[in-house]
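Visitor: Below are the chains, spelled out letter by letter.
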Amino acid sequence: MNKKEGWLLEAQNVTKRFGSVTALSGVSFQVGYAEVVGLLGDNGAGKSTLIKLLAGVHSQDEGQLLWEGQPVKLRSPQDAMKLGISTVYQDLGLVDTINIYRNMFLGREEAICTEKGPIRFLQIGKARIKAKQALETTGITIRSVDEAAAKLSGGERQSIAIARAIYFETKLLIMDEPCAALGIKETDRVLKLIAKAKENGVSVIIIAHNLHHVCPIADRFTILSHGKVVGTFIRGEKTMEELSECIVSGGTIESGV
Amino acid sequence: MVTSSLNSMLTLITEYGIVGLGVTLLMIGGEFNLSVGSVWGLSAALAILMVNAGVPAWISVIVVLIAGTVIGLLQGLVVVKMGIPSFIVTLVGMMFCRGLVLVSTQASVVTMVDGSNFFRIFSYTFGDEISVSTFWFIGTAVILGLILHRTQFGNWIFATGGNKVAARKSGVPVDRVKLTLFGLSSGLASLGGIVQLSRFGSVDALRGETIEFYVIAMAVIGGCRLLGGYGSILGTVLGAIMLAMIRNGLVLAEVPSYWFNAFLGFTILVAVIINTTARRRAIGE
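Protein sequences appear in the order of chains A and B.
Quick note: the first sequence uses my numbering, first residue 1, plus one each step.
Quick note: the second sequence uses my numbering, first residue 258, plus one each step.
One chain only, chain A, in its complex shape (with noise of 0.2 Å):
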């Protein structure tokens, strides 16, 4: 995989008001092509509030968005979703009662579907085998996609949601949290997860507020605090007791970069 120079994505000074709370003010943040980057920082230090907007969940007040170079506006998810803007959640955003497959491409169901007329009916083979062919290549093993997604562990989940992504060919991945509910074995899987997507020229956003989960595979790190950017390390650069004090003091060690 070429690494293609500049930023896939760009934050410029961006502004963020709840009333008369500010989240952000003027948070600059930059990701690149097929890099992962740990976006560190305590409770309310504004990491939710700035992946929402990079997922077009909000929007910003003030300072726009550059997508490969392009100023972007992004109303909704939808948007998002359209430039390649994949999000993760926390509650991991799978619907518990229904089946793997048709948790896979939901709301992307033109995939598996065949049009007649203005109906669009799915192949349920067509579903069952691609959904299988995603897990595989991610190097998921799921004991049967017909299994409804109530059914799995935390791990399973967020493999899921991470294989969607790379299937749906996602140039950016969010992940709010994604080892926060799981076990250390898990946290591995996840970890491997992220770092195959990081191959396929994925580029991910990790949220975290444990360094533990994002120092193994993250490239670089930005850290907030109090809604503004305190500091951007790349890796190696400091250890993990420096970058730790930093989160926690909001950023009294310098940045190098």
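Since the hints were derived computationally from the structure, they do not count as laboratory data.
Please note that the accuracy of each hint is not assured.
Here are the simulated PhoX-like pairs of lysine-lysine, each with C-alpha atoms no more than 20 Å apart in a straight line [claimed, not checked]:
#, chain 1, residue 1, chain 2, residue 2
1, A, Lys196, A, Lys130
2, A, Lys132, A, Lys192
3, A, Lys151, A, Lys171
4, A, Lys52, B, Lys421
5, A, Lys132, A, Lys116
6, A, Lys151, B, Lys421
Covered, in the sense of this in silico footprint (three residues per stretch, anywhere, with C-beta under 8 Å from a C-beta of chain A), are these stretches of chain B [what the hints assert, rightly or not]:
#, segment
7, 315-329
8, 417-423
9, 426-438
10, 533-541
For every residue, glycine included, the Cβ atom is placed at its ideal position computed from N, Cα and C.
Place chain B on chain A using the hints.
Guide: This is chain B only, laid out in the frame that chain A set:
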């Protein structure tokens, strides 16, 4: 005895079942419609009044079906746009439409003056046994079954009822799905009312009362999850058959018909216990 029993069973399955099918889809989509019984009665009353006023029967039927659908859509709008639970909104709809039935019939029996031949498309009976309306029911069940289990829209129905937030984040137009289902369930209630009107040729102020509960009973006996996201058309068809079997079984066994509700209640309880166990195995709730 056997012939008339089959006939009355099919009649019950068909007329209530048509409404049950629509309500099933709406329940899978996560909402209730308690106004179907009143819409049923109102539709019959409106159709008869129009026909008696000289409007051609086929025009009356089309107008009534549209009106029934619109009543559902309006209630759906209040649910979706104002975020008021459908239980409340359709309870209001039920009272309001029942009021309209009372006003329009002046609380007395209204009989169709000139029994139009057009209504035979719902009431014609083959060899005194099988009414043509049975095929209306089967047709509706097949079409809705296909839509629910084999189309993109069906996938959206399940997702909307199963997890509204996740569905919306995945790009499913949740509000539009719900609105469509409110319109559909109400339109089918109208159709049920007209099918029954075709058989009776008259309407009274209580027409369609309690149907809202029988159709929920059908759906629940058939395995529908009350909170949405789980259920099937086949289940509701079986639920309708079960309901008719209980009623006719009691008649054949010469049990006073007063016992019907008690037996039905007991059946629902047993069915729900079985269904919950099965569902726990399937979706682990």
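Visitor: Which earlier hints turn out false for this structure, listed by number in ascending order?
Guide: 3, 5 and 7
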